[in-house]
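Undergrad: Read top to bottom, the protein sequences are chains A and B. First residue of the first sequence: 0, per numbering that gives the first Met the number 0; consecutive thereafter. First residue of the second sequence: 0, per numbering that gives the first Met the number 0; consecutive thereafter.
Don't take every hint at face value.
Pairs count within a copy or across copies, as identical chains cannot be separated in the list.
[What the hints assert, rightly or not] Pairs of lysine to aspartate or glutamate, DMTMM-like flavour, derived with a Cα cap of 25 Å: (1) 484 with 346; (2) 260 with 89; (3) 257 with 341; (4) 484 with 541; (5) 134 with 86; (6) 260 with 336; (7) 257 with 492; (8) 257 with 194; (9) 134 with 302; (10) 345 with 492; (11) 484 with 7; (12) 345 with 252; (13) 257 with 326; (14) 257 with 353; (15) 484 with 5; (16) 134 with 349; (17) 134 with 467; (18) 257 with 306; (19) 484 with 250; (20) 257 with 476.
Note that these hints are calculated values from the structure, not bench results. Keep in mind it's a predicted model, so treat the numbers as computed, not measured.
Protein chains: 2
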Amino acid sequence: MTPPTDAELAEIAQQLRVDSVRVAAAAGSGHPSSSMSAAELTAVLFARHLRHDFERPEHPGNDRFILSKGHASPLLYATYKAVGLVDDDELRTFRTLGSRLEGHPTPRALPWVEVATGSLGQGLPVGVGMALAGKRLERVGYRVWVLCGDSELAEGSVWEAAEHAGHEHLDNLTAIVDVNRLGQRGPTRHGHDLDAYARRFQAFGWHTVECDGHDVRDVDRAYAEARSTLGQPTAILARTLKGKGVAAAEDREGLHGKPLKQPEEAVEELGGVRNLRIEVQQPPAARVLHAVRSGHLDLPRFEVGDEVATRSAYGQAVAALGSARGDVVALDGEVSDSTKSELFAKEHPERFFECYIAEQQMVAAATGLAARGFVPYASTFAAFLTRAHDFLRMAAISDMDIKLVGSHAGVSIGQDGPSQMGLEDLAMMRALHGSAVLYPCDANQTAHLVAALAERPGIGYLRTTRGETPVIYGPEERFPIGGSKVLRSSDEDRVTIVAAGVTVREALDAADQLAQAGIAARVIDLYSVKPVDTATLQEAADRTGCLVTVEDHRVEGGIGDAVLEAFSDGRPVPRFVRLAVGHMPGSATPGEQLRSAGIDAASVAAAVRLLVEQAVVS
Amino acid sequence: MTPPTDAELAEIAQQLRVDSVRVAAAAGSGHPSSSMSAAELTAVLFARHLRHDFERPEHPGNDRFILSKGHASPLLYATYKAVGLVDDDELRTFRTLGSRLEGHPTPRALPWVEVATGSLGQGLPVGVGMALAGKRLERVGYRVWVLCGDSELAEGSVWEAAEHAGHEHLDNLTAIVDVNRLGQRGPTRHGHDLDAYARRFQAFGWHTVECDGHDVRDVDRAYAEARSTLGQPTAILARTLKGKGVAAAEDREGLHGKPLKQPEEAVEELGGVRNLRIEVQQPPAARVLHAVRSGHLDLPRFEVGDEVATRSAYGQAVAALGSARGDVVALDGEVSDSTKSELFAKEHPERFFECYIAEQQMVAAATGLAARGFVPYASTFAAFLTRAHDFLRMAAISDMDIKLVGSHAGVSIGQDGPSQMGLEDLAMMRALHGSAVLYPCDANQTAHLVAALAERPGIGYLRTTRGETPVIYGPEERFPIGGSKVLRSSDEDRVTIVAAGVTVREALDAADQLAQAGIAARVIDLYSVKPVDTATLQEAADRTGCLVTVEDHRVEGGIGDAVLEAFSDGRPVPRFVRLAVGHMPGSATPGEQLRSAGIDAASVAAAVRLLVEQAVVS
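Start from the sequences and build out the full structure, keeping to the hints where you can.
TA: This is the structure we're talking about:
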């Protein structure tokens, strides 16, 4: 094939504009003007620099393209048309029910989309994860190209990514910044001051190239310079105009996210509808470094009766999992000595990614690694995972298989105080679409759940505890995700206590105290907070009539709410009381913290007594 | 008073080290080594540059000091001792139950702490908010001094803050970076390369000064330079050693967050216990610019039967509130034309803060403004507030009075797709300690709730809708926080439908359909999702026996869970069914979205029929 001439490229760019205008006009919504500014950037990239076999999205040598400014989806879909992936009829389904061409692109709908975008400032962080995968693990020469808006450079996550990429010398990564000067509601901070952006990227160790984003030759030069730059990632800063090519829209405020008012005239002004094709270069042959699997998973085993922190069990288990599976990787936010992911780092240093104190970047890198087929476990304090909430939300939209591990959950951490306590993490993680939320109480359970997460698609969350807890299960016990364990049970049970993690011990102690007072209590270890073991909870409710839930978490969104999901189908609902952290804790010992929060054994026993008496009276 | 000599300052620094070692030793936990690196930085600041009347924390001329590296609380408390605020006995209560001297400082416990810290990378962003308040609103010459760790500069939020401060030319703001080279688990990315940090800050428009952080004269020079720098914020990059002064700890890895092993020897090595005092300079007399209150709040009024988007009502109401109260300010994340905070910006430009696409910084600036006594309303898409989750969590720990407004909630936004839909925001906001969570269904209700939030302490959240909804309440109707409205009610009610926001219309339509089928349904508008109207829900349950909740939010953590809170005290629980968004939406019209999610009127009516039949059968 003959590569297109500059004149042909300019024509292709006009076609992308025309089709962007047309799809938004057909949909009655969308972002044509944000698409039009980047038409040359995309045309030149796809026609001259991207190497990608679109018939084989799984080709290991394929370059990766991320549209970080996901609202410019009309441009992406117009490009897909030029590449021959979608036709004009499908383009017209843009933003309609059932269409693959969603308002913002998602990999769920389209095989060529690497990751869902639409929350700004996320494409580059995820691209860093992919570039790391390519360079450090796959060792394939693919490049990662990320098309960013200028507005989104205000997001701190972009600078976490810049720092990560600069420090890792990711010369296989290129950020293409469409500096069109206009955000949604008006001008950006820096307008067309390309140097302002260049200074920032350079400070973080990047090579920068400035160019005229509407001059195909200049754009081509910039891409060539990016490809030939070694030892540094490159940021291309392209001066562009929003709405370029249509006088009524070009460089004008107030038109963000709106179809052009007179689309037919605009198409005319842009030279009319075309059907030019882009021939994308094939990637070079690439050998996949098959991830080594020993085939044998040698999970750590703990003695019943020993006291072991579940965070330690996590570290040992994920290290063992890493030995069995070469596709397992771990990431941490500079607290690996606390989360115990350091045990993985020690055994598998080449597959451990230190993300420093940058939780957004940690989750984004995990997402990028998952997009490349790896199975990432990303850990930090449960409290600090809230920092990455929006990245987790987007990972759920991407349907990514990533595992999060939050240590130091709850008030039971003790003296460090509320800033370090994960008290809202279960609420956050449960609300993510398709997530699994696991909260083990002992070391053997933890080890099995770490392994189980690797086999389960979607977002998986493991909540671990700082202090030691007694090993109550033997190493052969099994813990399916979605299950629970009934730890105490008799025909005389008058109440069910539902606990998980650090409160299991409290529940068992309470049951012992209650037994001495003649009250038989069933105890359920609800280690799988989501999905929840509906059958066991319903049976316990049928048999015992009332429930007490006890959790080291806020009242809202945690174990109490999870338990009630089991009764959301219109069936009779047991009476219930929930014990959770209702106050703002300060510093204190772990035992004092549980007592102050009213989630220790004595509080559980007292709540049970009240509930049982109430049930008798009524 | 005679200012201390350099030699005396060096002695004071040693005292701060000694006391840091002693408090951590007494507590058996804490971060002495991270305190020791910053002893001179703190001693020189408090003795020579800070201007603060500690007997009058409310003095408007007081400089502000934020310990962003909150784990160095031993240093802060040691400094308080030197200033004469706490005594040796109280120091020994560090990290014990009931002590004001928590593991990480909070304003809840101590009047001199501006904001809770302990989640890294938050002190500087909040400091920017305070510096903005001083410069743009209070117009008092106080300075804001923020002591940061080097590790925390990896957080993107720091660079959002750097961008904000640089762009606003906040020369009343100084970041003091304690570059001790060691993070928690090992060396930082840049070690002692001060230039690396300087390049970054300079790129964002800051003046930088490098200094030897253990040379009091050099530190003094740096502070003087910061104070005399005009038009730019200053970052002081101080080369320090973690554990400085004790050979067994100095510059050593593996000692983060641990008391020194031989504290008595360490104290000896540091020259022994001292009782030197720091005389802090008084602030200059400062006049408070009293916020103007018109005294009359002229809320917008909407006609019953009109169709108005609640986001529009928000914009009008907050603008009116701003006219009535000079202490009300608004912030937005570059989407003010969508959230409608642009209406506030237009009427009160001097009190509007454009934060561009940097949601962490927006919430942090709101926190800083609230710390200075203003009443901030910060708005963006509900989905993007997840970006600031950790800042919201810390604001709750600080007990700050900030108002958040999340627009474009739920699938009802339509075509833009899941990345733009707030579907987890209620779960996030409900789990914050002390929060109020409001979700109005019409314009008059919105206006009243906007005003009500201003009067309520703590974090307040208002969830608004993109599309128009019918005005169903007159402008005189009242909506107390914690209340609800019973919209349909009769003695024959066999079921209660609980809705809020966009589903209220669906619930009413469903009730109409059901009435035609002979099923009387009570309808409750649960506009106050937290606190929830327990009495009305309990009465409805008593009368109707069963409940259906319907919400444009994920199943977890939203309205369904809020309703069940009303029955968490052991009382009989009604049968219930919850309708919520269980799938991953794509693009579609708003109506199609509600239908696909099963939260439209037809779905509600169908669920009610099933539930009522079930109740009859059983």
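Undergrad: Against this structure, judge whether each hint is valid.
TA: So, going through the hints one by one against the coordinates:
1. When the C-alpha separation of residue 484 and residue 346 is checked against a cutoff of 25 Å, the pair qualifies neither within a copy, at 32 Å, nor between copies, at 60 Å.
2. For a Cα distance limit of 25 Å, the shortest separation of residue 260 from residue 89 inside one copy, 22 Å, qualifies, whereas the shortest one across copies, 70 Å, does not.
3. With identical chains, the CA atoms of residue 257 and residue 341 are at most 25 Å apart between copies only, with a shortest distance of 18 Å across copies and 50 Å within one.
4. Taking CA atoms no more than 25 Å apart as the test, residue 484 paired with residue 541 passes inside one copy only; the shortest distance there is 17 Å, against 34 Å between copies.
5. Proximity of residue 134 to residue 86 under the C-alpha cut-off of 25 Å is found in neither arrangement, the shortest distances being 35 Å within a copy and 56 Å between copies.
6. Proximity of residue 260 to residue 336 under the C-alpha cut-off of 25 Å is restricted to the inter-copy arrangement: shortest distance 19 Å between copies versus 58 Å within a copy.
7. Taking CA atoms no more than 25 Å apart as the test, residue 257 paired with residue 492 passes in neither setting, with 63 Å inside one copy and 46 Å between copies.
8. Taking the closest pair of Cα atoms, residue 257 and residue 194 never come within 25 Å of each other, the shortest separation being 30 Å inside a single copy and 45 Å across copies.
9. In this assembly of identical chains, residue 134 and residue 302 lie within 25 Å of each other by CA distance neither inside one copy nor across copies; the values are 41 Å within and 62 Å between.
10. Taking the closest pair of Cα atoms, residue 345 and residue 492 never come within 25 Å of each other, the shortest separation being 48 Å inside a single copy and 65 Å across copies.
11. Proximity of residue 484 and residue 7 under a CA criterion of 25 Å is satisfied in neither setting, with 67 Å inside one chain copy and 64 Å between copies.
12. Taking the shortest alpha-carbon separations for residue 345 and residue 252, only the inter-copy value of 16 Å comes in at or below 25 Å, while the best intra-copy value is 54 Å.
13. In this assembly of identical chains, residue 257 and residue 326 lie within 25 Å of each other by CA distance neither inside one copy nor across copies; the values are 44 Å within and 35 Å between.
14. With identical chains, the CA atoms of residue 257 and residue 353 are at most 25 Å apart between copies only, with a shortest distance of 22 Å across copies and 42 Å within one.
15. Taking identical chains as interchangeable, the C-alpha atoms of residue 484 and residue 5 are never at most 25 Å apart, the minima being 68 Å within one chain and 66 Å between chains.
16. Proximity of residue 134 and residue 349 under a CA criterion of 25 Å is satisfied intra-copy only: 11 Å inside one chain copy versus 49 Å between copies.
17. For the homomeric pair residue 134 and residue 467, neither the shortest alpha-carbon distance inside one copy (39 Å) nor that between copies (50 Å) is at most 25 Å.
18. In this assembly of identical chains, the alpha carbons of residue 257 and residue 306 lie at most 25 Å apart only when taken from different copies (22 Å versus 61 Å within one copy).
19. For a Cα distance limit of 25 Å, the shortest separation of residue 484 from residue 250 qualifies neither inside one copy, at 63 Å, nor across copies, at 48 Å.
20. In this assembly of identical chains, residue 257 and residue 476 lie within 25 Å of each other by CA distance neither inside one copy nor across copies; the values are 58 Å within and 36 Å between.
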